[in-house]
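Protein chains: 2
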Amino acid sequence: MKRIAVFASGGGTDFQSIIDANERVRFCDIVCLIASKSGIGAIDRALKHNISTAVFSKKDYPDLEELYKKLTYYLNLNRVDYIVLAGWLKIIPESFVKAFEDKIINIHPSLIPAFCGEGYYGLKVHQAVVDSGVKISGCTVHFVNEVPDGGAIIAQRAVEVKTDDTAESLQSRILAEEHKLLPYCVKKLCEGKIIKTGRKVAVID
Amino acid sequence: MKRIAVFASGGGTDFQSIIDANERVRFCDIVCLIASKSGIGAIDRALKHNISTAVFSKKDYPDLEELYKKLTYYLNLNRVDYIVLAGWLKIIPESFVKAFEDKIINIHPSLIPAFCGEGYYGLKVHQAVVDSGVKISGCTVHFVNEVPDGGAIIAQRAVEVKTDDTAESLQSRILAEEHKLLPYCVKKLCEGKIIKTGRKVAVID
Numbered sequence: 000m001k002r003i004a005v006f007a008s009g010g011g012t013d014f015q016s017i018i019d020a021n022e023r024v025r026f027c028d029i030v031c032l033i034a035s036k037s038g039i040g041a042i043d044r045a046l047k048h049n050i051s052t053a054v055f056s057k058k059d060y061p062d063l064e065e066l067y068k069k070l071t072y073y074l075n076l077n078r079v080d081y082i083v084l085a086g087w088l089k090i091i092p093e094s095f096v097k098a099f100e101d102k103i104i105n106i107h108p109s110l111i112p113a114f115c116g117e118g119y120y121g122l123k124v125h126q127a128v129v130d131s132g133v134k135i136s137g138c139t140v141h142f143v144n145e146v147p148d149g150g151a152i153i154a155q156r157a158v159e160v161k162t163d164d165t166a167e168s169l170q171s172r173i174l175a176e177e178h179k180l181l182p183y184c185v186k187k188l189c190e191g192k193i194i195k196t197g198r199k200v201a202v203i204d
Numbered sequence: 000m001k002r003i004a005v006f007a008s009g010g011g012t013d014f015q016s017i018i019d020a021n022e023r024v025r026f027c028d029i030v031c032l033i034a035s036k037s038g039i040g041a042i043d044r045a046l047k048h049n050i051s052t053a054v055f056s057k058k059d060y061p062d063l064e065e066l067y068k069k070l071t072y073y074l075n076l077n078r079v080d081y082i083v084l085a086g087w088l089k090i091i092p093e094s095f096v097k098a099f100e101d102k103i104i105n106i107h108p109s110l111i112p113a114f115c116g117e118g119y120y121g122l123k124v125h126q127a128v129v130d131s132g133v134k135i136s137g138c139t140v141h142f143v144n145e146v147p148d149g150g151a152i153i154a155q156r157a158v159e160v161k162t163d164d165t166a167e168s169l170q171s172r173i174l175a176e177e178h179k180l181l182p183y184c185v186k187k188l189c190e191g192k193i194i195k196t197g198r199k200v201a202v203i204d
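Respectively, the protein sequence lines represent chains A and B. Each residue of the first sequence is one higher than the one before, counting from 0 in numbering that gives the first Met the number 0. Each residue of the second sequence is one higher than the one before, counting from 0 in numbering that gives the first Met the number 0.
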């Protein structure tokens, strides 16, 4: 059984979707939740499901490289196979990406390459989508590389943008898709059914 | 009945989709086909359906502004209400956009704002999509403004990109969607059911 660590910075609903799917049909060991600060909702969810938690915050580690060095040590100690970024709002240094090459996946709340990259996170993504007047948005699960939201794409789901959508109403419908897409991708990853060849990723049914 | 002109530079399958839909349930007068050169397939389709054709080619008008000036005269003479770009590969000067503000629509074979703008036309769009590894592409109908593929979006349709897609196979599936989306938008436009407010466009059902 593959061992995964989930990274979160907020309420942790994407994290919860993995917990729930894994309770229905077990496909991985969720070894730990890594939180970017104390007191976030994701920690409560971890505790409720007896998942270890560790906080790696800017407060404790003003130096980002130092934070990720300690984090790498922690993950290796826990023999983590894969890292799932489920709303992780911290910048990830290249050294960390290299240390876990093709082992880190992320979920982003838009159809990459649209509305992604630096500055596009959380509600800001959906606000930009709504303001732009596009009719389709969605979510993307991708491997993490050194470019923000720039890694090879594993899967995407489209969501219709309605004329009267606000950033909040759109976010809520896209979150519902994220909560299906992310566990699906984590399961496929843990089962060895995701084959990456350069930019192209095949998910085997 | 609104009077439309269709602009085409190639085989004219998008043009044909408007002809076919209009023959099923008449919603406009297709006053003329404007071709960017002689000998293209779209002209044959126009002739077959008794639609006037006019060629406005670089050969006859080396000066682009002059071409569009004459074209404007021609369209006004024919009392054209709306212009539909259906695979029109010529650059459109700002003066022409201004002359027909909110009267020109275009179909683009991707989900704008992804894979659009200068250099993205025809098969090149689909090749870029396939090379990038994205999982969802599609097509977009939008108003034309002074920015290439930058005008307010009227409607979009998503199309799944398959792992074994080539640019050609993807193009063929997206074309099938274009042939539904474009006549739908032209019909709504002619019926006065497209309401544009800045970047936001509502299509009334």
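Please keep in mind that the hints were generated in silico from the structure rather than gathered at the bench. Since this is a predicted model, take the numbers as computed values, not measurements. Heads up, some of the hints might be wrong.
Note: identical chains are not told apart, hence a pair may lie in one copy or across any two.
Each computed DSS-like pair below joins lysine-lysine, with the alpha-carbon atoms no more than 25 Å apart [stated by the list, open to error]:
#1 LYS161 x LYS102
#2 LYS179 x LYS47
#3 LYS179 x LYS161
#4 LYS199 x LYS68
#5 LYS199 x LYS57
#6 LYS179 x LYS97
#7 LYS123 x LYS187
#8 LYS186 x LYS161
#9 LYS1 x LYS58
#10 LYS1 x LYS161
#11 LYS187 x LYS1
#12 LYS199 x LYS69
#13 LYS199 x LYS123
#14 LYS179 x LYS68
#15 LYS57 x LYS161
#16 LYS195 x LYS161
#17 LYS69 x LYS123
Hints, one by one, checked against the model:
no.: 1; hint: LYS161 x LYS102; in the structure: between (36 Å within a copy, 23 Å between copies)
no.: 2; hint: LYS179 x LYS47; in the structure: within (21 Å within a copy, 50 Å between copies)
no.: 3; hint: LYS179 x LYS161; in the structure: both (21 Å within a copy, 20 Å between copies)
no.: 4; hint: LYS199 x LYS68; in the structure: neither (30 Å within a copy, 46 Å between copies)
no.: 5; hint: LYS199 x LYS57; in the structure: neither (35 Å within a copy, 40 Å between copies)
no.: 6; hint: LYS179 x LYS97; in the structure: neither (28 Å within a copy, 46 Å between copies)
no.: 7; hint: LYS123 x LYS187; in the structure: neither (29 Å within a copy, 32 Å between copies)
no.: 8; hint: LYS186 x LYS161; in the structure: between (31 Å within a copy, 20 Å between copies)
no.: 9; hint: LYS1 x LYS58; in the structure: neither (31 Å within a copy, 65 Å between copies)
no.: 10; hint: LYS1 x LYS161; in the structure: neither (40 Å within a copy, 27 Å between copies)
no.: 11; hint: LYS187 x LYS1; in the structure: within (11 Å within a copy, 53 Å between copies)
no.: 12; hint: LYS199 x LYS69; in the structure: neither (32 Å within a copy, 48 Å between copies)
no.: 13; hint: LYS199 x LYS123; in the structure: between (28 Å within a copy, 18 Å between copies)
no.: 14; hint: LYS179 x LYS68; in the structure: neither (32 Å within a copy, 54 Å between copies)
no.: 15; hint: LYS57 x LYS161; in the structure: neither (38 Å within a copy, 41 Å between copies)
no.: 16; hint: LYS195 x LYS161; in the structure: between (34 Å within a copy, 14 Å between copies)
no.: 17; hint: LYS69 x LYS123; in the structure: neither (30 Å within a copy, 45 Å between copies)
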